[in-house]
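Fit chain to chain and form the complex, with the hints in mind.
So you can see what is in the structure, the chains are spelled out below.
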Amino acid sequence: MNITVRVWRQKNADDKGKMVTYGVENVSEHMSFLEMLDVLNEQLTLSGDDPIAFDHDCREGICGACGVVINGQAHGPQTTTTCQLHMRSFEDGAVIDIEPWRAGAFPVVKDLVVDRGAFDRIIQAGGFISAPTGSAPEANNLPVPKEDADHAFESATCIGCGACVAACPNGSGMLFTAAKITHLGLLPQGQPERDSRVIGMIEQHDHEGFGGCTNIGECTSSCPKGIPLDTISRLNRDLLGALAKGKA
Amino acid sequence: MTITEPYKNPSEQFHALGDDIHDAKAPKGPIEKRWDDHKFNAKLVNPANRRKISVLVVGTGLAGASAAATLGEAGYHVKSFCYQDSPRRAHSIAAQGGINAAKNYRNDGDSIYRLFYDTVKGGDFRARESNVYRLAQVSVNIIDQCVAQGVPFAREYGGLLDNRSFGGVQVSRTFYARGQTGQQLLIGAYQALERQIAAGTVEMNTRHEMLELIMVDDRARGIVVRDMVTGEIETHTADAVVLASGGYGNVFFLSTNAMGCNTTATWRAHRKGAYFANPCYTQIHPTCIPVSGDYQSKLTLMSESLRNDGRIWVPEKMNDERLASEIPEDERDYYLERIYPAFGNLVPRDIASRAAKYQCDAGKGVGPGGLGVYLDFADAIERLGRPAVEAKYGNLFDMYAQITGEDPYTEPMRIYPAVHYTMGGLWVDYDLQSNLTGLFVAGEANFSEHGANRLGASALMQGLADGYFVLPYTLANYLADGPFEKVDDSHAAVVEARQAVEERITTLLAINGTRTVDSYHKELGQIMWDYCGMERTEEGLTKAIGMIRDLKVDFWANVKVTGVNEELNQTLERAGRVADFFELGELMCIDALNRRESCGGHFRAESQTEDGEALRHDDEFAYVSAWEYGDKQPTLHKEPLEYEYVEMKSRSYK
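Residue numbers (the numbering used here), protein chains in the order written: chain R, 1 to 248; chain W, 249 to 902.
Extracted from the complex, chain W is given alone in its bound form (with noise of 0.2 Å):
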């Protein structure tokens, strides 16, 4: 079914419509010259003066840490925060895949147009063609950077570096760590932030979470804090204000984020005025370890490379109890063979995770809940021999047995889907500034370069790129016209930033209710999966509104927080950040609304093909959405998308 006569888009009961964007700050000419052009015209801080600069970063993710690390360098004063006991922690650490570069070390036709090229159309037309340029230029600053810091890539035997093909690409770009590139690659921004800590250039604060944002006089000025051990609620001022606080999968309270991932710093700051963009696009992994129960509490991925040799299928026929080696092969649906003869099991991820949806709406889902799909190796390791599966696939089928308790060399794997990673984020220019004046935001947190879908092994080239290459540039343009006047802790946005946080907390300790922060986490979880996961109607985002709604209500009647402020105290920490999901979860819904349209991570069943394909509308909804806070209901502005040097095509996987 297809959209045709224009009308009043059904979202707009929710939201007003603001002016249109159209200066996101991206230089003109030719756009291989663009960043080069934008960094000579770049104002410069002398050295002399970099240190009267200070700056805040929040997050110490490959973002967070590259960028505080890169800064303190450069001389500015950091102060840098994380909620974690080390800087460590950061959830970067999980990515397994890999990292994309430019290199063209294997000689087969990459180049910075080609990683360009993939990452536009991979991000289904909804990304920035100038910013996605930029990312593909210095990805290979930050191979180098890495191999100078130490980060152990895999090599050749010859001792140079390796690649692999990440993702529906046809070149390998991809450098890797075995299955830990996150965690090597921030380990050596870690390492680099902890030598400035040691320089004093970088002042760090682990276990402490921003609570809000300070805006002076139209600029960000600073933070407020919560002292996780003690309690006690900090102020910090600077010049700039960096947000590198990671992405919002945990809105759906199951997803492959550690626990702690929230939305609070990036939240505070939007309702302080800075737009929310995107909010609707979300990354589904197909091949995750299906819940075993209403315990779970949270997800973990499994590298997609199983399905290269992996055979996915259900029973035939519904509500199947028989053990799945007791089925025998003419009673086995393997659908995505079926339905996609031509790429088969390797078909994109938000493919591959609707069509096991699909199935287990059916009744035809396995395991715990009729929530899985079989992931089954039975004829790869009767082709290829258990040893060569073994060789390629061993540590995910310990993993898998580690969590599950089955042997999958036996028995097949049971997989479901599950939200991976958010494209959306604050709202930022060419210089990753938001629309506040001094506020800046920067990895997984910032919307910009992924468009609608993002590509495997792009999360941590972003990441990378942002603080290591171009915030230290596009910050520093900002800096020379600093410092700016000192802001104490007695000026009047301040006090009242610190005090509306201490209202906040006082509150959500005396309302003493009956029902724990978790089990309304669990249900806003299920709403948002049910209604804006892998398929979304005009229907059920309706009614996840009205839903939504009165569960934020009833949370903030009832909801039960231990204990008192002045100490570690686990519940109300979560409690602040559920809090804040729940208005999320609004916005994104009603951001799923406005788009009638398919697009990469974003599937509206009003828009595809008769094949079931997404649907794109390029004519109306080929621009950014960005969202303004109000307190009766959001305004969206939209920033047109215009594409210069690539054409928009859809894609088929038949």
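Only chain R is shown next, with the shape it has when bound in the complex (with noise of 0.2 Å):
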């Protein structure tokens, strides 16, 4: 199949930007998006232009180093990570914008690569579980019940790409702090930290210019996990418990 894809092209962080429209001939079906990148990529630095940047680790939907904005949603038609969308979603002759992560608090690095470091710095806010290596117990004296265990799990499998930030009218990264918060809030483990971990990351979300939820959902429906919508409703009691207890 032959496309066309128009894609957000900006030197650096400094740089205004714009899209830029370029030809890709014989994609295959079986390609994944990635890899068309990768050929388009070929093609450019043959005729010497400056190859397209982008973000990209494992390419099997873990690592979330991936992530763009495909023809206005995140990671694209289906729900799942950039590099694991294939070519196969999209018809012959397609033209296909994209464009990087819009958000305030995530500026725009080169091209469609941009700077997630908010993220790591909500999770120094308060993002763990505080266990000095050699201090820990015996792991099988704190029983948890599976029910939990299984849950906290599956808000642990956030991936961190940034599509709910992405996604969000509003720009907010509300649920990617709240699978954390709901993550480590489910475990026995995560209780003596639970006032001051939400109440010190939702600071340092706020701070970092993100917005606030509004409850629109759009994250979730964008997230190559499926982190539900309800953690952040988790998130918001305890963030209503903690400051009830005035801890903030």
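Think of the hints as simulated: they come from the structure by calculation, not from any bench.
Ideal placement from N, C-alpha and C gives every residue a C-beta, glycine not left out.
One thing to keep in mind: the hints can contain errors.
Looking from chain W toward chain R, a few residues come up when the C-beta cut is under 8 Å (computed) [to be verified]:
no. : residue
1   : S359
2   : D392
3   : G398
4   : T819
Which residues of chain W face chain R? A partial, calculated answer using Cβ under 10 Å [unchecked claim]:
no. : residue
5   : I279
6   : E280
7   : Q332
8   : I341
9   : Q393
10  : C394
11  : A440
12  : I445
13  : F732
14  : T754
15  : A758
16  : N760
17  : T764
18  : D766
If you want it as structure tokens, here you go:
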């Protein structure tokens, strides 16, 4: 198949940036979306142009490095990571728009690459259980009901890709934050720091310039790992509880 | 055919022979007491002195993140580096299966000794007993540590931890978090690391790639890194350097590794004098999704558990173009069941991989390029019903369908082997210190605990053992003599290292040739796969060395690297990595040529039994090959391996 892509090109953070149109010929339907970009980049390189910069690493949907907006949707038309999207999802002759994540808290570094360091800083503000190496008790001393463990696991599958932020009209990072609050808050090990965690992480979230949550739900529908919206309800409950105790 | 007559090893035209290594610093005495004695005898660093001591940690996978977090918590001043945009993305995250630990929660006869025994045997008697025993000992602490951090391992209904059995052992000792154990363990280590970053003990440098090691007065004292966003070349000096930069499977271009995985950190250290050990030991995994075209960028692994119920076959007729469903039962060759009736489809990884290669070489492969064999679940679906198969393998079937666009419930899957893990790496002693004083190496980047073959669910165990429980002791012993004399940026060794990096970048950018970096990488990968992959021969390896040398010369004359250094330049990043892969690839072939035996992940066609099984030569090759870099040729140092506890045996799966 032959396709046309319109790609956001921006030399660096200070550049204004613009959409540039390229044709890509002989695209196989079995190619992944990123392999299609690889092919385009080989063409660009050989013609002396600057190849398109994009983040990617594992290419199996788990590292969370990749992610672009495809035809207005974070990670494109399927609920998966960009690396797991294949060209069979597009028609021959398609015109595809490719843009970086758009959010105030994720400044563009170059082309399709953005800076998601804000997510790391939210984790620094409390997204952990303090367990100094060597201090741990015997693992089976603390049984965890299977239901809680499974639920915690589901929230812990967040890959930190940032699609939730890109999809949200408010540019909110609430689903990401809530996934960590839920993961750790459901486990007995996570209880001692539960209040300080939610307060610290929310403060950092707001400080980074992410928007607030208004229950639109675009985040969860674009999440490649299916983190549910009710994790945000849990976050709100934890936050209210912590504030009521005067922990802020 | 067996090799009986002693003759000069043909590998010697490519390398020199150096002195043997007789002291890997393993303590003596009963094996159960060695690590405890060693820890007791190790020097300690007064907590008040720790903040005056600095450590650089390269890589943020399980080994690097756990080491940086633990050292930071202990009070050292740590700087951590990763090439990704966040430490959470290191490739440990992609490990699916699980992590071994000798907890014996199943009361099924597991013990530290049994885990030790299984690992030495699984490594085909090419790992050190002392190291492996320590690994088995600390395995139990790892699980405790991870649970305390909130790693959501699978649990039983009673709330206790669940286990499964994995990879040809007879006990259930593998802890897991569905098919995402690596992700959960890494997130645990990442969160511990972020906590230290917040506490100010660890300074994190994301999107920074190490390009050179700095040696001052015969000690590793720093690194040169490139800020991948601005292109700035930075030097960082410290009292010790830890490399936890992962394996080198991407020398094959196509592997299950992440696209960015590379050997540059370890190879640069090797060029500065660190021995590279056993580079030819590569693990090839039999159940990966086959290549679909020449645009293919990476391969995806599917859990081996599929072989429990899937039947592997190829058409009996060569180049059979019929659909699988059109090929009648009596025209199918279930070759593993035929050749290995006792184990059938469950033969070990290397045997299953090689058998698939032989079928495809014989023209019986299926799918694009004839590089695939069928893995058929029709019988399992008929026997168990589709819901049961779905419950067991649903996520794997979905993944297969997502990637191939085919429905494995109605058509058989196609699978082919792929490079998955590299057992070789920088040589380290019992303290995980390389032969360069002050350079420590952890995780897949070092060569040590897996011998010639790694058992399933042991990589995660080793990475976390090194970072949480081994390095904090052995590094302290080294640092107790510090802080060492301060090295500033004007020191001749620092200036020289920085200049070397700058010159190399300038050279790469100036070539402005006609071929892309990826085209070279793909060609190198094909050479490695054809001649240094599942089966190696003297003739093939000799040929490959010549081909790699020619290709390398061509690369430095004709590669096209666009753009400039002072920007985010992914082509430049890849060019530097591929340049190092050429040199590593050549060394892998030389190592494979030298090792005229088959062991673990290394199969020499000249050394097999009449049944086609791998044939070790313990009399000649029971040693670690530690390679010293040389401008003209490398020098081989042999570290003899002795087995006091586990009797050396050969395996049979017929």
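Are there hints from earlier that the structure breaks, and if so, what are their numbers? Of the numbered hints, 1, 5, 6, 13, 14, 15 do not hold.
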